[in-house]
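Peer 1: Chain by chain, the residues:
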Amino acid sequence: MNHSSSIVQRKRKDKTIRHLVGFFSLLAMIPLFFILWDVISKGYKNFNLRLFTEVTPSSMDALLAISNGDPIPGGILNGITGTILIVGLAILFSVPLGLFIGIYLADNQGKRFAGLVSYLTDLLQGMPSIVIGIIAYAWVVKPLGSYSALAGSVALTIMMLPMIVRSTEETLKMLPLSYKEAGLALGSSYTNVVFRILIPSGFGGIFTGILLAISRVMGETAPLMLTALGASVVHWKMTEPASAIPLLIWDFYNDPNLVDLIWSSSLLLLIVIFLLNWIAKIVARKWKV
Amino acid sequence: MNKDSLFRFLLFTAALLVLLFTAGIIYALVSRSTETFQEYGVWGFVGNAEWDPRSATEEYGAFSFILGTLYTSFFALLLCMPFSLAVALFNGEYYKGKKISSAVRSIVDLLAGIPSIVYGLWGFYTLRPLVIALGVNAQGFGIFLSSVVLAIMIIPYASSLSSEFLSMVPNNLKEGAYSLGATQIEVVQHISLPSAGSGIVASYILALGRALGETMAVTMLIGNTNRIPRGLSDTGNTMASVIANQFGEADGLKLSSLIAIGLLLFIITAIINLIAKLIMKKLSHV
Numbered sequence: 001m002n003h004s005s006s007i008v009q010r011k012r013k014d015k016t017i018r019h020l021v022g023f024f025s026l027l028a029m030i031p032l033f034f035i036l037w038d039v040i041s042k043g044y045k046n047f048n049l050r051l052f053t054e055v056t057p058s059s060m061d062a063l064l065a066i067s068n069g070d071p072i073p074g075g076i077l078n079g080i081t082g083t084i085l086i087v088g089l090a091i092l093f094s095v096p097l098g099l100f101i102g103i104y105l106a107d108n109q110g111k112r113f114a115g116l117v118s119y120l121t122d123l124l125q126g127m128p129s130i131v132i133g134i135i136a137y138a139w140v141v142k143p144l145g146s147y148s149a150l151a152g153s154v155a156l157t158i159m160m161l162p163m164i165v166r167s168t169e170e171t172l173k174m175l176p177l178s179y180k181e182a183g184l185a186l187g188s189s190y191t192n193v194v195f196r197i198l199i200p201s202g203f204g205g206i207f208t209g210i211l212l213a214i215s216r217v218m219g220e221t222a223p224l225m226l227t228a229l230g231a232s233v234v235h236w237k238m239t240e241p242a243s244a245i246p247l248l249i250w251d252f253y254n255d256p257n258l259v260d261l262i263w264s265s266s267l268l269l270l271i272v273i274f275l276l277n278w279i280a281k282i283v284a285r286k287w288k289v
Numbered sequence: 001m002n003k004d005s006l007f008r009f010l011l012f013t014a015a016l017l018v019l020l021f022t023a024g025i026i027y028a029l030v031s032r033s034t035e036t037f038q039e040y041g042v043w044g045f046v047g048n049a050e051w052d053p054r055s056a057t058e059e060y061g062a063f064s065f066i067l068g069t070l071y072t073s074f075f076a077l078l079l080c081m082p083f084s085l086a087v088a089l090f091n092g093e094y095y096k097g098k099k100i101s102s103a104v105r106s107i108v109d110l111l112a113g114i115p116s117i118v119y120g121l122w123g124f125y126t127l128r129p130l131v132i133a134l135g136v137n138a139q140g141f142g143i144f145l146s147s148v149v150l151a152i153m154i155i156p157y158a159s160s161l162s163s164e165f166l167s168m169v170p171n172n173l174k175e176g177a178y179s180l181g182a183t184q185i186e187v188v189q190h191i192s193l194p195s196a197g198s199g200i201v202a203s204y205i206l207a208l209g210r211a212l213g214e215t216m217a218v219t220m221l222i223g224n225t226n227r228i229p230r231g232l233s234d235t236g237n238t239m240a241s242v243i244a245n246q247f248g249e250a251d252g253l254k255l256s257s258l259i260a261i262g263l264l265l266f267i268i269t270a271i272i273n274l275i276a277k278l279i280m281k282k283l284s285h286v
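Going down the list, the sequences are from chains A and B. Take 1 as the starting number for the first sequence in the numbering used here and just add one per residue. Take 1 as the starting number for the second sequence in the numbering used here and just add one per residue.
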């Protein structure tokens, strides 16, 4: 510490830095409000029932409507159903698998193989989403010979898996060892201990992890561009190309006639994502381990 | 007992799948990019700045995109530093455990929840006119605009981990300094930052890894030109954005070259993440 500076100077410096920290923290939060303001103020006009009940209009129809001064006909129903299909399948694949891997890792700490699996999970978690898109393209699109909802959900599965594994593993590690020992000592089978004691006791942490993983992949665009491609009709076939809300936003961004739909779709996407985050927070608080 | 061994076997198989996935990922990337590496050689591809898809003069090199990626990510990291350090100090030191800190934390966390494409839209419609008004360049697109948006995107990643490391600094160290008459900034400067230092560095490296692979926002804002960017105000392309932009219509050597760029990006981010993990592992052993 500087001996030459007086206590007044030191206190002044302390105060200045404290204010700077507060000021820069405030600045760091400001973009959030600007983005929210942008999306809400521009999106609420087209945020109506139509958005949920009609499919995306063709560029021509939209152009006609604009030249007549009418609102753009149509909504993003094809994107909503596509997101439900793609994300739903991804949940179906990643949740059981992620749970099992997480249980394995929590139960085999310190073993070499578990260490390797844990390291590779980190590797998967750090992988850029566009690279994941390429991989799902090579794994699914190429062999099947066409873009498909399935390929999209494989990509999202690779993204969700590490998050679910980590949250399951961390939650189970926090449970007292006596839970498991007591169950086993009472003659319960290992399977029963896992399903009747460990998973229910760690429910909060595990479920929060799953919700956060879903909210994270909900807005993913890049991997879906390479896999699900997009579709202008509503369908539930997983071997056919499908759209998703973020994919539609990308389409609208590139089509000057459909630009008006950008903000209402973004608003819907943000509402769903923040809702998931909020539920995750409540679950985490309520079922705290 | 039989049910148990079956269940244990299932768990093991699931864990084994992670190994298979990784092998499958590396195989998919390597096998689909061999055409490019056979044509140009590894260094011939990595070091060549020419990217020309016209069939008469077809030639592919990744160098401009590697540079574009490094420019945007490092500039974004530089921009995000003062803000994420401030947020980390706010949450991990100055208002640690206070109500206002958890409010700040939640707000900054929400930034991490916003999808990349929405950042892109915001950058395009709101920030781009500002960048033009500032006179950075005529169209607004480019390294500068992408880096500003990237910086905002990685603030939550850099700050949440660093504040965790700051809050882990033992209290008795700080109390010792306080009892000697140190002010709070002197404690931060001489106790907190030095002892949380490598953890903070690790969280910045992880944030850098995020920035390197970020795709949609950058694709929408960087201007998408296939040459070496001449400075911050110039347009360019990153490795991720060139894949997103050109994958759809690509085939043959071009497709193989795009996947080769994907492989390079995979390797770079893997190394970056490994370095951060090693630093953090070292910390947890101390």
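Hints in this document: simulated from the structure, not taken from any laboratory. C-beta atoms are modelled at their ideal positions from N, C-alpha and C, and glycine is treated no differently. You may find that some hints are simply not true.
Covered stretches of chain B (chain A as the covering partner; in silico rule of three or more C-beta atoms under 8 Å from a C-beta of chain A) [claimed, not checked]:
#1 120 to 127
#2 182 to 192
#3 235 to 246
Calculated cross-link-like contacts (lysine-lysine; reagent style DSS-like; alpha-carbon spacing at most 27 Å) [what the hints assert, rightly or not]:
#4 LYS286/A <-> LYS99/B
#5 LYS96/B <-> LYS173/A
#6 LYS13/A <-> LYS254/B
#7 LYS173/A <-> LYS13/A
#8 LYS173/A <-> LYS277/B
Peer 1: Quickly compare the C-alpha distance for LYS173/A and LYS13/A to 27 Å and report which way the hint goes.
Peer 2: 44 Å, violated
Peer 1: Closer than 8 Å Cβ to Cβ for three or more residues is the test here. Does the stretch 120 to 127 of chain B pass it with chain A?
Peer 2: holds (count 6)
Peer 1: Can you confirm whether the C-alpha distance between LYS173/A and LYS277/B stays at or below 27 Å?
Peer 2: 20 Å, holds
Peer 1: So if I understand the rule, the pair passes when the alpha-carbon distance is 27 Å or less; does LYS13/A with LYS254/B pass?
Peer 2: Judged against 27 Å, a Cα distance of about 58 Å means the pair is violated.
Peer 1: Keeping to a limit of 27 Å between CA atoms, is the pair of LYS286/A and LYS99/B held or broken?
Peer 2: 19 Å, holds
Peer 1: Do three or more residues from the stretch 182 to 192 of chain B put their C-beta atoms closer than 8 Å to C-beta atoms of chain A?
Peer 2: With 7 residues in contact (Cβ-Cβ under 8 Å with chain A), the coverage given for the stretch 182 to 192 of chain B holds.
Peer 1: Does LYS96/B pair with LYS173/A here, judged by a C-alpha cut-off of 27 Å?
Peer 2: 26 Å, holds
Peer 1: Mind checking, does the stretch 235 to 246 of chain B have 3 or more residues with a CB under 8 Å from chain A?
Peer 2: holds (count 3)
Hints 6, 7 from the earlier list are contradicted by this structure; the remaining hints agree with it.
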